[in-house]
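Peer 1: These are the residues of each chain, in order.
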Amino acid sequence: MGSAVRRTLGRLAGALFVLWAVATLTFFAIHLVPGDPAQAILGGPGSQASQEALDRVRADYGLDQPLLVQYFAMLGRLVTGNLGDSYALRMPVAELIGGQLAGTVVLALLALLVAWLLAIGLALWSTGPGRASRAVAQGVELTAASLPQFWLATVLIAVFSTALGWLPAVSTGTPTGIVLPVVTLAVPLAGFLAQLMREHLLIALEQPFALSARARGESATGIRLRHALRHAALPGINLSGWAVGYLISGAVVVETIFARPGLGRTLLRAVELRDVPVVLGVVLLVALVYVVMTFVTDALSRVADPRLRQEARP
Amino acid sequence: MRSAPASVRMNRRLLTLLAAASGATLLLSGCTAAAPEAASTPTAGGTLVYASGDAEPDCLDPHVGGNYPQALVAGQFLESLVSLDDDGAIIPWLATEWTASDDGLTWDFTLRDDVAFTDGTPLNAEAVKVNVEHLKDPDTQSSTGYLALGKVESVEVVDDTRARFHLSTPDSALLESLAQPWVAIESPAGIARGMDENCLAPIGTGPFVVEEWVQQDHLTLMRNDDYDSAPADAAHEGAPYLEGIEWRFIPDSASRYAALQSGEVDVIDNAQPDTIAQATKNGSLVEIDAPRPGASNRIELNSSRAPFDDVRVREAFIRAADVNDGIDSLFFGTATRSYSVLSSVEPLGYSDEKLFTTDLDAANSLLDDAGWTTRDSDGYRTKDGKRLTLRFPVSTNQSIPAEQSLFEQIQATAKEAGFEVVISPLDISGWYGALFSDSYELVSAPYTKIGPDVLRTLYDSAGITPAPSGYFANLAQLNDPELDELLRSAASTSDTDERASLYEQAQKIILGGFYALPLYDQQNHFLLSTSVKGARAMPTVSTPTFADAWLAE
Numbered sequence: 055m056g057s058a059v060r061r062t063l064g065r066l067a068g069a070l071f072v073l074w075a076v077a078t079l080t081f082f083a084i085h086l087v088p089g090d091p092a093q094a095i096l097g098g099p100g101s102q103a104s105q106e107a108l109d110r111v112r113a114d115y116g117l118d119q120p121l122l123v124q125y126f127a128m129l130g131r132l133v134t135g136n137l138g139d140s141y142a143l144r145m146p147v148a149e150l151i152g153g154q155l156a157g158t159v160v161l162a163l164l165a166l167l168v169a170w171l172l173a174i175g176l177a178l179w180s181t182g183p184g185r186a187s188r189a190v191a192q193g194v195e196l197t198a199a200s201l202p203q204f205w206l207a208t209v210l211i212a213v214f215s216t217a218l219g220w221l222p223a224v225s226t227g228t229p230t231g232i233v234l235p236v237v238t239l240a241v242p243l244a245g246f247l248a249q250l251m252r253e254h255l256l257i258a259l260e261q262p263f264a265l266s267a268r269a270r271g272e273s274a275t276g277i278r279l280r281h282a283l284r285h286a287a288l289p290g291i292n293l294s295g296w297a298v299g300y301l302i303s304g305a306v307v308v309e310t311i312f313a314r315p316g317l318g319r320t321l322l323r324a325v326e327l328r329d330v331p332v333v334l335g336v337v338l339l340v341a342l343v344y345v346v347m348t349f350v351t352d353a354l355s356r357v358a359d360p361r362l363r364q365e366a367r368p
Numbered sequence: 072m073r074s075a076p077a078s079v080r081m082n083r084r085l086l087t088l089l090a091a092a093s094g095a096t097l098l099l100s101g102c103t104a105a106a107p108e109a110a111s112t113p114t115a116g117g118t119l120v121y122a123s124g125d126a127e128p129d130c131l132d133p134h135v136g137g138n139y140p141q142a143l144v145a146g147q148f149l150e151s152l153v154s155l156d157d158d159g160a161i162i163p164w165l166a167t168e169w170t171a172s173d174d175g176l177t178w179d180f181t182l183r184d185d186v187a188f189t190d191g192t193p194l195n196a197e198a199v200k201v202n203v204e205h206l207k208d209p210d211t212q213s214s215t216g217y218l219a220l221g222k223v224e225s226v227e228v229v230d231d232t233r234a235r236f237h238l239s240t241p242d243s244a245l246l247e248s249l250a251q252p253w254v255a256i257e258s259p260a261g262i263a264r265g266m267d268e269n270c271l272a273p274i275g276t277g278p279f280v281v282e283e284w285v286q287q288d289h290l291t292l293m294r295n296d297d298y299d300s301a302p303a304d305a306a307h308e309g310a311p312y313l314e315g316i317e318w319r320f321i322p323d324s325a326s327r328y329a330a331l332q333s334g335e336v337d338v339i340d341n342a343q344p345d346t347i348a349q350a351t352k353n354g355s356l357v358e359i360d361a362p363r364p365g366a367s368n369r370i371e372l373n374s375s376r377a378p379f380d381d382v383r384v385r386e387a388f389i390r391a392a393d394v395n396d397g398i399d400s401l402f403f404g405t406a407t408r409s410y411s412v413l414s415s416v417e418p419l420g421y422s423d424e425k426l427f428t429t430d431l432d433a434a435n436s437l438l439d440d441a442g443w444t445t446r447d448s449d450g451y452r453t454k455d456g457k458r459l460t461l462r463f464p465v466s467t468n469q470s471i472p473a474e475q476s477l478f479e480q481i482q483a484t485a486k487e488a489g490f491e492v493v494i495s496p497l498d499i500s501g502w503y504g505a506l507f508s509d510s511y512e513l514v515s516a517p518y519t520k521i522g523p524d525v526l527r528t529l530y531d532s533a534g535i536t537p538a539p540s541g542y543f544a545n546l547a548q549l550n551d552p553e554l555d556e557l558l559r560s561a562a563s564t565s566d567t568d569e570r571a572s573l574y575e576q577a578q579k580i581i582l583g584g585f586y587a588l589p590l591y592d593q594q595n596h597f598l599l600s601t602s603v604k605g606a607r608a609m610p611t612v613s614t615p616t617f618a619d620a621w622l623a624e
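Chains as they are written, first to last, in the numbering used here: chain W, 55 to 368; chain F, 72 to 624.
The hints are simulated quantities; they were obtained by calculation from the structure and are not laboratory data. Backbone N, C-alpha and C define an ideal beta-carbon position, used for all residues, glycine too. Each hint should be verified, as a subset may be incorrect.
As the list claims (entries may be wrong) - Chain W is faced by these chain F residues, among others (derived, beta-carbon under 10 Å): (1) G261; (2) A263; (3) A330; (4) Y410.
Claimed, not checked - Covered by chain F, according to a simulated footprint, are these stretches of chain W (three or more residues, beta-carbon under 8 Å): (5) 137 to 148; (6) 279 to 292.
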């Protein structure tokens with residue numbers, strides 16, 4: 055067996071282990087939190103469920119079974135690829151997630167793209183000649199990276215919707231509705247990315263290859279674009295895997311504030327209602343995306359950095 | 072025709088009426104609201120955008136479960152047999168008249184003979200029978216509607232327009248129960264589609280029709296062009312002026328308000344005290360203040376065990392808790408202190424302010440008398456080595472931020488008397504969990520229901536279930552046979568004066584026993600753009616209705 059095949063199989067097993075561990079942790083974590091899903095299923099705030107109705111719901115959903123029985127039933131379902139039905143919404147989890155997926159994916163991808171553009175722009179600008187730009191960029195990055203999303207969202211709404219009236223405060227289905235949510239997610243992420251990239255750009259610019267490029271008559275901009283950026287992009291690419299987690303947790307906040315349909319809001323609501331199948335479904339999906347992203351960033355790193363390709367050869 | 076209790080509601084929802092009639096000038100002038108009404112003539116057309124801060128319903132059929140978010144939206148497309156007018160009197164809606172037998176066990180309802188559901192199915196006695204059976208069927212998983220029909224055994228179809236209700240025991244609250252949106256009448260053909268489909272778009276006789284439901288985003292409601300079954304107190308007959316309603320869900324209160332300010336939406340609910348104060352001060356928006364019926368917002372004191380099994384400790388807590396200063400500083404004049412366990416819109420509500428005056432000295436001597444004489448190093452009282460601790464689970468879904476702050480102020484003032492109040496903010500499932508495991512001494516739970524029969528739900532000893540995980544509404548765990556007897560008699564008497572007197576005696580026992588600390592009515596504030604005219608809150612459970620509304624330019 056070739057080492058590449060072996061490595062792929064190993065990674066696959068690792069990925070399955072991660073998914074199993076995530077499912078197990080999530081399942082027990084949500085059951086550790088006190089709460090009564092039956093009550094939530096029967097209407098939540100203000101509704102007055104009768105004892106008969108509660109008993110019935112508990113029996114219907116298997117909530118009266120011992121926890122371990124419920125756990126293995128859940129695992130059995132998952133193995134066959136069945137995510138189960140939502141307690142609260144009485145529909146298959148797969149269908150529910152399918153309906154909410156697009157909103158979050160578009161939001162996350164746009165945010166990632168905008169964050170990258172902002173970060174590259176900022177990094178290139180601040181590593182140019184002159185010290186002032188560097189100091190300014192450092193300040194901007196640090197501020198951006200430490201901005202809480204809910205605060206940023208509120209300020210953006212106050213400025214661009216309430217005061218200026220340029221953009222809608224809540225997503226209205228029109229293309230402009232997505233601008234503020236994307237900016238809210240992208241700005242702190244761009245701060246992180248830019249910090250990291252600028253650091254590596256500066257290191258790369260001090261390397262001998264930068265000097266020799268300059269000796270060949272390459273312009274300062276040319277060196278940064280054609281040579282150094284490649285080095286600086288590496289940590290950024292690796293960070294993008296982590297960014298998936300950041301974007302999903304950010305989606306919970308952003309989708310709630312801007313009233314956008316999506317997985318973040320679905321997750322929040324499911325946690326509040328102890329809608330275990332939905333929580334598991336969303337968390338597993340996020341874990342899966344994370345695993346896939348790790349594969350992808352790994353592959354991308356190989357493209358960006360020939361040295362990694364070299365090391366991988368037997 | 073047997074009419075409802077003749078008691079007159081005092082100035083019930085004066086604000087609501089004025090707001091509906093006059094628009095923007097209301098809160099500035101306060102009393103001269105009638106003048107501009109003539110100037111504005113309803114114009115047809117346009118889509119109103121409504122933004123709800125309540126949870127998005129899981130099911131649009133209010134028979135299933137049965138909570139306030141469902142009532143809010145269902146009121147746009149479903150209608151009930153009877154309604155209430157602004158004085159709290161029962162008025163005709165889908166039923167034109169009703170008579171009760173002398174023993175109170177048989178009620179005949181005469182239905183309108185010219186109404187059809189929006190799927191074409193005629194409204195008749197058979198439809199009423201199907202709806203009652205749907206509500207009583209355990210498979211429907213109804214909770215609120217199921218309780219409302221608790222004494223109804225069956226419905227008999229006398230003829231097409233006459234439905235006869237057979238009761239197990241006389242029910243003085245029957246008409247009030249039937250006015251609630253959780254027992255609205257739906258198309259039998261719609262119900263027959265099964266729960267999954269009916270949940271997505273219930274079919275009623277109302278002014279609007281569910282066109283589309285994009286979950287976690289919005290509902291599209293379209294005008295019912297054939298609509299002609301307005302309740303007796305409606306401003307106009309026939310189809311609504313609006314072409315439709317876009318019903319959005321915006322959970323964040325700041326975004327909701329920002330969307331209203333920037334004109335993206337026309338109406339919001341769950342307006343917060345600070346924004347109401349700001350919006351109405353400059354007259355740019357109109358407020359509808361429509362307190363919910365049933366119980367007031369109150370803190371229940373769990374009297375089932377120490378320390379609150381001792382009436383002196385209960386009174387001490389109530390004397391120590393300074394509520395009024397908190398309401399003044401946190402609610403910006405949008406909430407009025409209540410001294411009743413019933414909402415101020417309930418005609419039979421009884422208040423007693425002097426029971427709730429804050430008096431720290433009295434609290435201290437009551438606690439001394441009760442044996443809580445020593446204090447530990449943190450300043451909390453102790454007895455037999457045990458600290459005077461009160462666990463207070465708070466639902467962050469049900470208590471708005473201002474209310475949570477009020478609880479913190481109560482915590483601080485109760486500390487001066489030596490109470491340790493431990494507030495736990497919980498999400499809705501966690502909060503129910505804390506209640507049903509009986510791990511609380513204090514709790515605030517809203518309860519919306521039409522009429523004083525809510526007292527039986529909340530304070531009859533039958534509402535205490537010993538099962539640790541079981542549901543119970545008697546959160547004060549009040550167990551008093553004399554009170555039970557009063558509430559049960561009141562619920563079955565057909566004599567309106569006797570009913571009023573029995574409920575007054577019952578409330579005196581509840582208030583005098585210091586089982587509950589009333590705060591204010593269940594807050595229910597709507598903010599409207601000044602272009603929205605003719606909207607009002609239903610006098611039933613204070614949900615908004617847009618059957619008479621139009622958009623002025």
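Peer 1: Against each hint, give a clear statement of whether it holds in the structure.
Peer 2: Evaluated hints:
Taking 10 Å as the C-beta contact cut-off toward chain W, the hint placing G261(F) at the interface is violated, the least distance being around 17 Å. A cut of 10 Å between beta carbons decides the hint on A263(F): the least distance to chain W is about 18 Å, and the hint is violated. Proximity of A330(F) to chain W holds as hinted, the smallest CB-CB distance being about 5 Å (cut-off 10 Å). For the restraint placing Y410(F) at the interface with chain W, the shortest Cβ-Cβ distance is roughly 23 Å, beyond the 10 Å limit, so the hint is violated.
Coverage of a stretch by a chain is defined here by at least three residues with a beta carbon nearer than 8 Å to that chain's beta carbons; for the segment 137 to 148 of chain W and chain F the count is 4, and the condition holds. With a threshold of 8 Å between beta carbons, the proposed coverage of the segment 279 to 292 of chain W by chain F is violated, since 0 of its residues qualify and at least three are required.
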